[in-house]
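*Asks:* Residue numbers (my numbering), protein chains in the order written: chain A, 1 to 393; chain B, 394 to 786; chain C, 787 to 1233; chain D, 1234 to 1680.
Careful: at least some of the hints might be erroneous.
Estimated spans, in silico, between C-beta atoms of each pair [what the hints assert, rightly or not]:
(1) C/Asp984 with A/Ala27: 32 to 40 Å
(2) C/Asp923 with D/Lys1609: 51 to 59 Å
(3) C/Gly1160 with D/Arg1419: 52 to 60 Å
(4) C/Ala1233 with B/Ala424: 35 to 43 Å
(5) D/Pro1433 with A/Ala250: 56 to 64 Å
(6) B/Ala424 with D/Arg1384: 43 to 51 Å
(7) C/Asp1064 with D/Gly1266: 55 to 63 Å
(8) D/Glu1267 with A/Arg2: 35 to 43 Å
(9) A/Ala27 with C/Gly875: 56 to 64 Å
Here are the simulated SDA-like cross-link-like pairs (lysine to any residue), alpha carbons at most 20 Å apart as the crow flies [unchecked claim]:
(10) D/Lys1648 with B/Ala725
(11) D/Lys1648 with B/Val586
(12) C/Lys1201 with C/Glu971
(13) C/Lys1201 with A/Arg255
(14) C/Lys1201 with A/Glu8
(15) C/Lys1201 with A/Pro261
(16) D/Lys1648 with B/Asp733
(17) C/Lys1201 with C/Ile1218
(18) C/Lys1201 with A/Arg324
(19) C/Lys1162 with B/Arg395
(20) B/Lys415 with B/Arg395
(21) B/Lys415 with B/Arg435
(22) D/Lys1609 with D/Ser1296
(23) C/Lys1162 with B/Trp398
No lab work stands behind these hints, which were simulated from the structure alone. Quick reminder that beta carbons are idealized off the backbone N, C-alpha and C, glycines included.
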Amino acid sequence: MRFAWTDEQLAFAEATRDLLAKECPPAVVRAAGDAPPGGLDRTVWEGLDAMGVLGVAAPDAVGGLGLDETTLVPLLEEAGRVALPHPLVDTAAVAAPLGAAAGGRLVPTDLGGPLVACAADADAFLLWHPPPAPSTPTAIPASTPTANATSRPGMFCTPSDPGDGSCTTFGEGDGQRGALYLVEAGAVTVTPVATVDRGRRAGRVAWSAGDGELVNDDPAVLTLAADRGVLGTAAVLCGLAGTMLDLTVAYVGERRQFGVPIGSFQAVKHHLADALVRLEFARPAVARGAWSSAHPEQVAPLVRQRDVSMAKALAIDAAEACGRAALQCHGAIGYTVESDLHLFLKRSWALARSWGDRGFHTDRVGRALEALDAPAPDAPSPDTATPVAQEDP
Amino acid sequence: MRFAWTDEQLAFAEATRDLLAKECPPAVVRAAGDAPPGGLDRTVWEGLDAMGVLGVAAPDAVGGLGLDETTLVPLLEEAGRVALPHPLVDTAAVAAPLGAAAGGRLVPTDLGGPLVACAADADAFLLWHPPPAPSTPTAIPASTPTANATSRPGMFCTPSDPGDGSCTTFGEGDGQRGALYLVEAGAVTVTPVATVDRGRRAGRVAWSAGDGELVNDDPAVLTLAADRGVLGTAAVLCGLAGTMLDLTVAYVGERRQFGVPIGSFQAVKHHLADALVRLEFARPAVARGAWSSAHPEQVAPLVRQRDVSMAKALAIDAAEACGRAALQCHGAIGYTVESDLHLFLKRSWALARSWGDRGFHTDRVGRALEALDAPAPDAPSPDTATPVAQEDP
Amino acid sequence: MDLTWSDDEQAFRTEARAWLEANLAEWRAGCGGEPASGDTRTGFAQHLLWERRLFADRWAAVSWPERYGGRGASLWEWLLFEEEYHRAGAPPRVTQNGIFLLAPSLFEFGTPDQQDGILPRMAAAEDLWCQGWSEPDAGSDLASVSSRARRVDGGWVLDGQKTWTTRGAFCTHLFGLFRSDPGSERHRGLTYLLVPLDTPGVTVRGFGRLDGDEGFAEVFFDEAFVPDDAVPGGVVLGEPGAGWRVAMATAGSERGLTLRSPGRFLATAERVRALVADVAGAGATATSTGEDVETGRADPAGGVWPDVRSGTGAEDHGGAAGPATGSSPFAGDGRARVSAGPGGPLWRRAVDAWMRAEAYQLHTLQTVTRLAAGEKAGAEASLTKLWWSELDVELHAVALDALGPDAELEGPWSKGWQFSLSGPIYAGTNEIQRNIAAERLLGLPRA
Amino acid sequence: MDLTWSDDEQAFRTEARAWLEANLAEWRAGCGGEPASGDTRTGFAQHLLWERRLFADRWAAVSWPERYGGRGASLWEWLLFEEEYHRAGAPPRVTQNGIFLLAPSLFEFGTPDQQDGILPRMAAAEDLWCQGWSEPDAGSDLASVSSRARRVDGGWVLDGQKTWTTRGAFCTHLFGLFRSDPGSERHRGLTYLLVPLDTPGVTVRGFGRLDGDEGFAEVFFDEAFVPDDAVPGGVVLGEPGAGWRVAMATAGSERGLTLRSPGRFLATAERVRALVADVAGAGATATSTGEDVETGRADPAGGVWPDVRSGTGAEDHGGAAGPATGSSPFAGDGRARVSAGPGGPLWRRAVDAWMRAEAYQLHTLQTVTRLAAGEKAGAEASLTKLWWSELDVELHAVALDALGPDAELEGPWSKGWQFSLSGPIYAGTNEIQRNIAAERLLGLPRA
């Protein structure tokens, strides 16, 4: 039993933090929201790629680092801390680790290149390799069957750049469920949509699955990939929460009213202490979600699902508590786009309801608990064959 | 439009408050919890009877004052303020107003006598006239049909005195629903039960409905009677909440820590301000519940149900908020039976879940709203025949 | 106690409702579609057309005397009008800060000349007033105002800066507090001044609120000379040096009922209930066409997101027809529907919020009864502000949870959510209100 | 990162579980039924039998060295033991304040003689220790302690009063803070003393906690002479006058993991989930035998309490057999069942509370990892205390809401509810904890 990141993991996160601090200050996030189609600056993305962050969890056979979620999650929390406007969860957590599960064809062979992948808001996602290879296939796992699925547009994505065609997203399937398709990029249409978080550069997607080729329909593979999106989003939310708290602590230490720093008022202290509690108890849950995801040989899929959903649920709480406390303690200045706070606040609203909202994940945890209870209604014996992680964290 | 108690109503409440302050200080409430069966002191009860409080809402034809809920509710709030250990809601709000609806036989002819009536925790209640007329009939509206209803014991009551046979309560019916029965008192068995609020002197009741005689099975009458129990309990909860707040304000003004009264700390102020808000917004809802109940000619039953359930829901919130804030701001001294706070706190816990809990009444309000929406999904026209109170408070 | 409206009041309501219905449709048509936000330059112009329409038929300030463009309506009628206004979905009043914040002070402290000269043009939306109270260093601590007003021959010279001035970039006039006694501290030595924004030396810079709209402004005063007759009747409201008392009267209005009438929240509560009912109904079709509901339920481990599509009680809310709405399947049609259906977590939150809105209405009726009996509004306004501001946040939070992943789309709900978050901050933060409630209503000792 | 237990740890858990199962049954049988509360005189005696049983097989203080009656267990094993202890439903430890509050200070500050003389008798429940910190005027403001200790030849003379001393009426010894330097203020000049309660001049008066049990005591000191050798190794822990530092080490223990291990809350969370599942199941029968479900639903106005018996989704949780439990029909079988069923409001609250308990477990594993690496526990203990105390209240609130009108019955849940309400108060109120968290962890300025 040792519940802590390794020194290597911490060092990687710190290096990532240094890069992001330099290349992704709030000005870059603002610029991402304001940039016209095709105009997104890629400096930080290329820096992350050069550091190997995009391919951390890609198999080393294809040039990735072959590491797992316990290395990736701290990096994603760092991305959250700066509200990175690029689709890092989608790329590094969802797309890259799929590897051979996607028939070997989805894994970019040149991780140094402009791999962009994206997923959001659905049990369907799409991976896509952008120009200069315009005919590179796009992968889309089909989603819930609905009467009008093929003509129904998909939901938002977090494209790196909807304008120049390098956007990726998820779409809805052709009536088949839980299958990974390859679709020609040209068959996908992305229409930017206006969301509260302009830095996400979200788009609505329409595509015709008729153009697709089935490459994998193993539900276990697809659930695992989606769970990585959930876990990654939870990590990003913790990062956002941490920054909102830090910004506020700095502000209330400086801002004076009634002759004293407002941070000396008990009401302000207690708001922020309550927010800190939420964050400090969410982070271990996210870390455990990483461990459970990284150890399929010891952790049953149902336990992993429970753990990543719990991570998301508590990370949502943390982001909500930190966001509300931050805005209230900033007062009017926080209620403007002149303060940087709004960049993190709006991202946290969007991500709280992406990849499943609070109610969804609560229900998922509860159902997993009931399913885990079912085989042995009395307390499980310690020497059972049940994976250890099922009864102990 | 005039949303205020009349001067007469306020004067009656003030007189009641004076009597209760004199005859029902905390020592009397403590004594009620400690008194052996048969040993309950009746001084305050007799005083209330002498003032006409028990028969406020009884028809004047039988010696009551013939007034309605708008006079009764302020008196019940006063009873809550002192945690009166007698079944005033059951007697004055539920039993006395039934009048002719109970076939004329349930209305005591001597309101100056030891009328005791009681109802709790169920859509069933029982009225009973105690010795020296041991064969006076008891009225029990039968409750939910269940497979084993006749043998199933009823729930708690708030007896005035279980030991000497003068206790009354509700029971469960004989498979018929929503009917008012007369049952011989001797057919009822009351077993005292231990509850957190000893001052309620609760008992469990068993009876055999086979001995009963049907006197009324009009659901409208029985719902109205039960709604009066809900409304009365809401008023009592507001009174309890007010006293808990007052006790705490006094305590935090006196208690010094760190060289200052603890009431000067912002954390304490904000706890109590939040509690006060809850109380001050619950009280108008309870008052409206009284008005809606008192004006059947203007208020449809469904609207009345919505209004009394809303009153109970918000009164529960107020009592909970005031109780939690009171205990926390008292600190350790509040967490003892030496402080009087516990008398009010425990009563509020019991009443919060009697006559329907928070979830029950929320659901009832929501269903009433949907039923009221149904006939006219668009906004109702102001000149419709719909009773005024249905669209405006 | 009498909770019925008189025939006259009913007639007033009927007239208001009919007028609003007809005029809203006409106004919207004139805008060529849904008008833009009143906190943008384009939208403000559109909203001025609405304001002038209100004024033309004497609905701009119903409680004012007829000679100022009002109807001499009672507070009861004002409540009815507000209820109808919000029920009809009429737009936010861009004239609000003049009509609801300055005007009450003018009625109480203004000279007849000021009242006669200022109020009709305010009602007509010819003069557009913004509030100049907050400064970079005077927010919650309003008494630390440092903008200066120096008395000179024939007028005042202003220096300093105001900020967070709502719609300042679009207004014509500002009312504000200035320190007129240079040696004074805190509440003393402040003067309440009425200032045309086209005064030389006054510069206005609009900036973005949380939602990005240019709803705020900074106002800079650089040796700006305001002649005594810059507004009719004179630029000082009340006595020079007594500005704090005048301002506090306005603060009472802002916190109390005149700024945020219950009708606003009741209307939102009904819309939230309708939205939740939509979600409860919408999922039915999507789920009932899915063939694997039972599978997903029996085996939570199976499938990609088995529990998304199962959901308890999936069968018992059927009936709604037509295609599913645009909700993402990730939101869990089955789950969201159960949560939004009768007795579900989201449904209960909507009912709860409705009760809180209704309680605000009742509390207001109680307050108006007292005011009608000649009592004064006092520190109770702090309780009111705590109640409606927290209620508004919860109402919109329920809506966002009902929308699920759609919640982040720009639209009325996301806009309303962002606006609701300002409620616990403006008009005195809720922390300040709790202090006031504890000290003035409960009598707790000051620190 | 490694979240698996070693084979040795697994074996330890297995041994503990087997021992607890066998011994709890034996002990309960020996009590002749369910034992009384350990905070009553009768119950305390029964619980001492349990304590001695624990000691006999070296389970009383597993983390202590073997020579003091422990097993030299690691913190990991201690966590496992606690988890098994609470999962088994073993009783509250009446020796807790000695073993978990005094002992850590003894290990850190005690002399070998004190450790050798005091610890084994503590583990054996021969000496029973209570905490003497709070005084009538020193609660949250512990540094204002005014009980006096005067140095005399061969010992100390004590005067003053301690209060809210848990189980003081049943204990044999007290550890407490006394002002030994008469001119000193606040944290200075305090001495940590170990005092036999049978010392002449010491009077103990038990009084009732919120639930009425005699779980508290006042302890009066009236010129009580405590000889230096009244306890083995001497009655002063640490240096005279340096009592604050010793006490704060204990305060850290109390707030931190040693007093309230995660196993306690995980066990409660599982019981709450089971209770909610019972409610969800129990209603099914009652409703399914009612013939008027549909009527009630179609016409909410009909019947006495139509909505009590209808309830959404009444049909889809059927299956549980047997007679309804004793719940009142007023609780609304149908409604309560829906609320408690999967996805319902009560069910979600139970799942939420479970997650919070599980998060506490995870947070603790993280803390123990740090301690195992040689780091010191610090102000983070304030966060921990906020978390578990609020969690405990919510766990019991969910249980009470599941029980409905039965919640007021005396029993384990109402007892647990009352006890949970002390959590935000004792061991430093949560208001004090928030101050500490804000000032020491976030670095906010002191007032």
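*Asks:* Looking back at the numbered hints, which does the structure fail to meet, lowest number first?
*Replies:* 2, 9, 12, 13, 14, 15, 17, 20
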